[in-house]
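Undergrad: Top line first, the protein sequences correspond to chains L and P. Counted the way the numbering used here counts, the first sequence spans residues 4 to 115. Counted the way the numbering used here counts, the second sequence spans residues 90 to 204.
Some hints here could point you the wrong way.
[Said to hold, decoys possible] Residues of chain L placed beyond 10 Å of chain P at every Cβ, according to the derived structure:
(1) Thr16
(2) Ser51
(3) Pro64
(4) Asn78
(5) Ser89
(6) Asn102
[As the list claims (entries may be wrong)] Residues from chain P that face chain L, not an exhaustive set, calculated with beta carbons under 7 Å:
(7) Tyr121
(8) Tyr128
(9) Gly132
(10) Leu133
(11) Thr140
(12) Lys191
(13) Ile192
(14) Lys196
(15) Gly197
Please keep in mind that the hints were generated in silico from the structure rather than gathered at the bench. Every value quoted in this text rests on a predicted model; they were computed, and no experiment measured them. Ideal Cβ placement from N, Cα and C applies to all residues, glycine included.
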Amino acid sequence: DTAVSQTPKYLVTQMGNDKSIKCEQNLGHDTMYWYKQDSKKFLKIMFSYNNKELIINETVPNRFSPKSPDKAHLNLHINSLELGDSAVYFCASRIRSGNTIYFGEGSWLTVV
Amino acid sequence: AQSVTQLGSHVSVSEGALVLLRCNYSSSVPPYLFWYVQYPNQGLQLLLKYTSAATLVKGINGFEAEFKKSETSFHLTKPSAHMSDAAEYFCAVSEFGNRDDKIIFGKGTRLHILP
């Protein structure tokens, strides 16, 4: 019954690999986000989508490519992983007419 | 542009003492303000939010925050700290209403509870 679910929760991979993190929300929301939390716990927005349309792209390297097949899903694909990509990635969602963003449990990515 | 400043990256209080975590914001329009908590190796949980209704907002786990427009502050308090309150706390601001709206986080405050 998780409202915003992300998979996988933990991912350890080697430099240069390509990986994806999936996100699904069952709240009926129309806006979804990806946030990155770095090693200092700082949370920064990466992308937002509204009804499958990209709205925000915050100077993220183009190795990161979000994909929204429908408004309930927002996946994050990362090419050619680098050590600096190690972080916690949070998916989130909200209804545009609302004022609260709901976060997933996070995906811990470690690049070795 | 909106922003959030949390004063003190680490705060230590004794169990049973008052918890006060400080947050100041900057916003060009009346903001929405939030406090989130993150326990170790867990996700973000919403503690409380201010959405232009009552200026004193009560949240979960006994926390509350007061919106003070004149001071551009939204400090988080709890009368009596418990060991289970040890966590990272994030203040956040948003100006929902624009197409590219988002939530902006402060850098977080780690709360330590001393026995």
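Undergrad: Indicate, hint by hint, whether the structure satisfies it.
TA: Each hint tested on the structure:
Residue placement check: Thr16/L keeps its beta carbon more than 10 Å from all beta carbons of chain P (closest about 19 Å). With 10 Å as the threshold on Cβ separation, the claim that Ser51/L sits away from chain P is violated: the shortest Cβ distance comes to roughly 6 Å. With a minimum CB-CB distance of about 19 Å to chain P, Pro64/L clears the 10 Å threshold, and the non-interface call stands. No Cβ of chain P approaches the Cβ of Asn78/L within 10 Å, the least distance being about 18 Å, so the stated non-interface status holds.
No Cβ of chain P approaches the Cβ of Ser89/L within 10 Å, the least distance being about 15 Å, so the stated non-interface status holds. Distance check for Asn102/L against chain P: the nearest CB is about 5 Å away, which does not clear 10 Å, and the non-interface claim fails. With a cut of 7 Å, the hint placing Tyr121/P at the interface with chain L holds, because the nearest CB-to-CB distance is about 5 Å. Restraint check, Tyr128/P versus chain L: the minimum CB separation of about 11 Å is more than 7 Å; hint violated.
Hint on Gly132/P holds. Least Cβ distance to chain L is approximately 4 Å, under the 7 Å limit. For Leu133/P, the suggested interface contact is upheld, since its CB lies about 4 Å from the closest CB of chain L, less than 7 Å. The restraint placing Thr140/P at the interface with chain L holds, with a minimum CB-CB distance near 5 Å, inside the 7 Å limit. Checking Lys191/P against chain L by beta carbon gives a least distance of about 5 Å; that is within 7 Å, so the hint holds.
Below 7 Å, beta-carbon pairs count as interface contacts, and Ile192/P has one with chain L at about 5 Å; its hint therefore holds. The closest approach between the C-beta of Lys196/P and any C-beta of chain L is roughly 6 Å, which is under the 7 Å cut-off, so the hint is satisfied. The interface hint given for Gly197/P is met, as the beta carbon of that residue sits about 5 Å from the closest beta carbon of chain L, less than 7 Å.
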